[in-house]
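Those letters in the sequence shown? Residues 345 to 834, per this note's numbering, in order.
I should point out that these hints are in silico values taken from the structure, not numbers from a laboratory. Every value quoted in this text rests on a predicted model; they were computed, and no experiment measured them. Check before you lean on any hint, since a few could be wrong.
What the hints assert, rightly or not - Now the in silico label distances, taken between C-beta atoms and shown as ranges:
{"id": "1", "residue 1": "R700", "residue 2": "A447", "range": "43 to 51 Å"}
{"id": "2", "residue 1": "R558", "residue 2": "K764", "range": "16 to 24 Å"}
{"id": "3", "residue 1": "G822", "residue 2": "A696", "range": "35 to 43 Å"}
{"id": "4", "residue 1": "G501", "residue 2": "D759", "range": "57 to 65 Å"}
{"id": "5", "residue 1": "G448", "residue 2": "S798", "range": "45 to 53 Å"}
{"id": "6", "residue 1": "P725", "residue 2": "D383", "range": "45 to 53 Å"}
{"id": "7", "residue 1": "S594", "residue 2": "A761", "range": "19 to 27 Å"}
{"id": "8", "residue 1": "G611", "residue 2": "S465", "range": "36 to 44 Å"}
{"id": "9", "residue 1": "G716", "residue 2": "S451", "range": "31 to 39 Å"}
{"id": "10", "residue 1": "D797", "residue 2": "R404", "range": "46 to 54 Å"}
{"id": "11", "residue 1": "G569", "residue 2": "P410", "range": "13 to 21 Å"}
{"id": "12", "residue 1": "K764", "residue 2": "G716", "range": "27 to 35 Å"}
{"id": "13", "residue 1": "G735", "residue 2": "D759", "range": "16 to 24 Å"}
{"id": "14", "residue 1": "Q660", "residue 2": "A532", "range": "32 to 40 Å"}
What the hints assert, rightly or not - Heads up, simulated SDA-like pairs for lysine to any residue below, C-alpha to C-alpha not over 20 Å straight-line:
{"id": "15", "residue 1": "K805", "residue 2": "Q785"}
{"id": "16", "residue 1": "K682", "residue 2": "G735"}
{"id": "17", "residue 1": "K466", "residue 2": "L444"}
{"id": "18", "residue 1": "K764", "residue 2": "G601"}
{"id": "19", "residue 1": "K764", "residue 2": "D602"}
{"id": "20", "residue 1": "K397", "residue 2": "R407"}
{"id": "21", "residue 1": "K713", "residue 2": "A745"}
{"id": "22", "residue 1": "K713", "residue 2": "E728"}
{"id": "23", "residue 1": "K568", "residue 2": "R810"}
{"id": "24", "residue 1": "K682", "residue 2": "S784"}
{"id": "25", "residue 1": "K462", "residue 2": "E520"}
{"id": "26", "residue 1": "K752", "residue 2": "G735"}
{"id": "27", "residue 1": "K682", "residue 2": "D759"}
{"id": "28", "residue 1": "K764", "residue 2": "P834"}
{"id": "29", "residue 1": "K764", "residue 2": "P774"}
{"id": "30", "residue 1": "K737", "residue 2": "G755"}
{"id": "31", "residue 1": "K743", "residue 2": "A699"}
{"id": "32", "residue 1": "K743", "residue 2": "T793"}
{"id": "33", "residue 1": "K737", "residue 2": "Q792"}
{"id": "34", "residue 1": "K737", "residue 2": "G726"}
{"id": "35", "residue 1": "K773", "residue 2": "R680"}
{"id": "36", "residue 1": "K752", "residue 2": "G716"}
{"id": "37", "residue 1": "K462", "residue 2": "A373"}
{"id": "38", "residue 1": "K713", "residue 2": "A699"}
{"id": "39", "residue 1": "K743", "residue 2": "L753"}
{"id": "40", "residue 1": "K743", "residue 2": "G768"}
Backbone N, C-alpha and C define an ideal beta-carbon position, used for all residues, glycine too.
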Amino acid sequence: MVLAAALVVLVVLLVLLLRGGAGTSGPPADAAARLVPADALVYVHLSTDGDRKGTKDALRMARAFPGYGAAQKRLVGLLSAPQCGVRLDAVQGKEIALALVDAGGGSAGSLVLVDTGKDQSKTALRTCGTVQVVGIGTFLVIGQPQSLSLAQGLAQGRGRSLATDALYRQESTGLEAGRVLDGWVTAAGVRRLLAPQGGLLGAAGTLLDQPGLRGSAFAVTAVKGGARLTVRSLLDGRSSGRTFKAFTPSLGREVPGDAVAYLGLSGLSAATTRLLSASGVGSVGAFGPLLARARTELSKQSGGRLDGDLLSLFRQEVAVTITPAVPAPTLSLIARAKDPAATAGTLRRLQAPLARVLGTPGQPVPTWKAVGGAFQLNPAPGIELDYAVVGDKLVLSTKLAGIDAARKLQGRLTDSAAYKAALGEKPGKPVTSLVFLDFSQLLRLGEQTGLNDSQTYLAAKDDLQRVRAIGARSSSDGTQSTAELLITIP
345 MVLAAALVVL VVLLVLLLRG GAGTSGPPAD AAARLVPADA LVYVHLSTDG DRKGTKDALR
405 MARAFPGYGA AQKRLVGLLS APQCGVRLDA VQGKEIALAL VDAGGGSAGS LVLVDTGKDQ
465 SKTALRTCGT VQVVGIGTFL VIGQPQSLSL AQGLAQGRGR SLATDALYRQ ESTGLEAGRV
525 LDGWVTAAGV RRLLAPQGGL LGAAGTLLDQ PGLRGSAFAV TAVKGGARLT VRSLLDGRSS
585 GRTFKAFTPS LGREVPGDAV AYLGLSGLSA ATTRLLSASG VGSVGAFGPL LARARTELSK
645 QSGGRLDGDL LSLFRQEVAV TITPAVPAPT LSLIARAKDP AATAGTLRRL QAPLARVLGT
705 PGQPVPTWKA VGGAFQLNPA PGIELDYAVV GDKLVLSTKL AGIDAARKLQ GRLTDSAAYK
765 AALGEKPGKP VTSLVFLDFS QLLRLGEQTG LNDSQTYLAA KDDLQRVRAI GARSSSDGTQ
825 STAELLITIP
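Working from the sequences, and respecting the hints, build out all of it.
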């Protein structure tokens, strides 16, 4: 949860450098891309042009946050390089960019490009601390010697820049003209810099990484009622598999109305368990490794037969939900049981082997017990696993309360105002994933479980409470994958 909050803070802080203006329309200036190598791993570009409507809208959104002024000063100080004579609060240009480039040996170099609005060609190369700065056109360029050499070579016509790269141009052209922030990440950038990370960055890498990925362009745009992040990924179209398969969502209507989080996917996979592991929420985060362990051990014991039986129960649409509870929230998985009797029979066959593989080594094998129309297993101290076939649904949960909520279903998440604001009302459209976070309720839940002890949280609390909900959806046609994330800010 703290990691999810950090994402919102990052999005907010990125717009705090902006200066208001007259509000003309049109896409942002992007001359910085001419000084970035075409094979850059990551490129992030911020428009600081106060004459653009997109900038003006983003500034208006930023000012709705109580911590705007103080955060602006902190961010300017963080990104400035006063030892190099570069102060962002004095910059009057139209853009700022950051690029991570391949520095060889498995490491990445950095380039910070600051448009000053004035000719900097007389700014000679100088060293300041661990980096160097040089003037190129209207830009002050900061980075390591090797990174600066690449930018200087491009300015002199040597090499190929990101601005001329066909993939970058194809994907960025389709982004919203009113964006205030945009960028590009290559497949190598996703796999080298994002996917290996834990927490939020690792989850982002998991969502972006797909078989055949060539690169992803992204943009942040201030819209009525919040901010929208759009990600367009280009795929080679030759790969037979995808991280997430397309499905037509229907289980959202089976999610309890008080759910603080909902993830809709087609089937369970290694990517699903990784997302659960990266959630950062106690028992929820522990559930991902538990599922992965069950699959691995069942496969070893049965030559793939038993784990195939387990996965067959979750082969189609799956809803992963988190509902509030103290001291830890309840995680549930809901799947359709087309043949409820056959599903119940498969689970009965799996009870004994699951108890063996999930139990604590060196301890007696735990046993399933029937409780309130469900079956319960306690494989380790503090870990509970419950399941039941409820009508035409299979429900797997970390608490019996999760089974009861699915059985009684007092209110539906898809009928809530927060869900509709974040994800709209688009039933029946195929997607590859759906995500919903009731952010305000998530904060309240966190405060009940110790979040108020965090000084970092308390410092950002007033700003975080401005966010109502977060919704995301993704889709793919085999060669193009598109994801949209909306942060609602009433």
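Here is what the structure says about each hint:
The hinted range of 43 to 51 Å is satisfied by R700 and A447, whose Cβ atoms lie roughly 49 Å apart. As the Cβ distance of R558 to K764 is approximately 35 Å, the hint placing it in 16 to 24 Å is violated. Restraint check, G822 to A696: a C-beta distance of roughly 42 Å satisfies the suggested window 35 to 43 Å. A beta carbon spacing of about 60 Å between G501 and D759 agrees with the range 57 to 65 Å that was offered as a hint.
Take G448 and S798: their Cβ atoms lie about 39 Å apart, and the range 45 to 53 Å is violated. Distance hint for P725 and D383: a CB-CB separation of about 50 Å, consistent with the stated range 45 to 53 Å. Judged by the Cβ atoms, the range 19 to 27 Å given for S594 and A761 holds: they are separated by roughly 21 Å. Checked against the hint of 36 to 44 Å, the pair G611 and S465 fails, with Cβ atoms roughly 57 Å apart.
With their beta carbons about 56 Å apart, G716 and S451 fall outside the hinted range of 31 to 39 Å. For D797 and R404, the Cβ-Cβ distance of about 34 Å falls outside the hinted range of 46 to 54 Å, so the restraint is violated. Our hint of 13 to 21 Å for G569 and P410 holds, since their Cβ atoms are close to 19 Å apart. Evaluation of the 27 to 35 Å hint for K764 and G716 yields a pass: the beta carbon distance comes to about 33 Å.
Range check, G735 to D759: Cβ separation about 19 Å, and the 16 to 24 Å hint holds. In this structure the supplied range 32 to 40 Å holds for Q660 paired with A532, their Cβ-Cβ distance being about 33 Å. A threshold of 20 Å between alpha carbons decides the hint, and for K805 with Q785 the separation of about 13 Å falls inside it, so the pair holds. Simply put, K682 and G735 have alpha-carbon atoms about 10 Å apart, close enough for the 20 Å limit, and the pair holds.
The hinted pair formed by K466 and L444 fails the criterion: a straight-line CA distance of about 26 Å is larger than 20 Å. For the proposed pair K764 and G601, the alpha carbon gap of about 12 Å is at most 20 Å, so the pair holds. With a C-alpha separation of about 14 Å, the suggested pairing of K764 with D602 holds against the 20 Å cut-off. Proximity of K397 to R407 is assessed by CA-CA distance (about 15 Å); at most 20 Å being required, the pair is judged to hold.
A hinted pair counts as satisfied when its Cα atoms are at most 20 Å apart, and K713 with A745 qualifies at roughly 16 Å. For the proposed pair K713 and E728, the alpha carbon gap of about 12 Å is at most 20 Å, so the pair holds. The suggested pairing of K568 with R810 holds, with an alpha-carbon distance near 14 Å, which does not exceed 20 Å. At roughly 36 Å between alpha-carbon atoms, K682 and S784 are farther apart than 20 Å, so this suggested pair is violated.
Using a Cα cut-off of 20 Å, the hinted pair K462 and E520 is violated, with the two alpha carbons roughly 28 Å apart. About 11 Å separates the Cα atoms of K752 and G735, which keeps this hinted pair within 20 Å; it holds. Between K682 and D759 the alpha-carbon distance is near 25 Å, which puts this suggested pair outside the 20 Å criterion. At roughly 13 Å between alpha-carbon atoms, K764 and P834 fall within 20 Å of each other, so this suggested pair holds.
At most 20 Å may separate the alpha-carbon atoms for a hinted pair to count; K764 and P774 meet this at roughly 17 Å. In summary, the hint linking K737 to G755 is supported, as the alpha carbons are separated by about 17 Å, within the 20 Å threshold. Our distance criterion of 20 Å between C-alpha atoms is met by K743 and A699, whose separation comes to about 17 Å. In summary, the hint linking K743 to T793 is supported, as the alpha carbons are separated by about 17 Å, within the 20 Å threshold.
Between K737 and Q792 the alpha-carbon distance is near 31 Å, which puts this suggested pair outside the 20 Å criterion. Straight-line distance between C-alpha atoms of K737 and G726 comes to about 26 Å, which puts the hinted pair past the 20 Å bound. Annotation: proposed proximity of K773 to R680 holds, straight-line Cα distance about 18 Å (limit 20 Å). A distance of roughly 13 Å separates the Cα atoms of K752 and G716; the hinted pair therefore holds under the 20 Å criterion.
For the hint linking K462 to A373, the alpha-carbon distance of about 15 Å falls within 20 Å, and the restraint holds. Straight-line distance between C-alpha atoms of K713 and A699 comes to about 11 Å, which keeps the hinted pair within the 20 Å bound. Of the supplied pair hints, the one linking K743 and L753 holds, its CA atoms being roughly 16 Å apart against a limit of 20 Å. Pair hint K743 plus G768 does not hold up; C-alpha atoms about 30 Å apart against a cutoff of 20 Å.
Taken one by one, the earlier hints fail for this structure at numbers 2, 5, 8, 9, 10, 17, 24, 25, 27, 33, 34 and 40, listed in ascending order.
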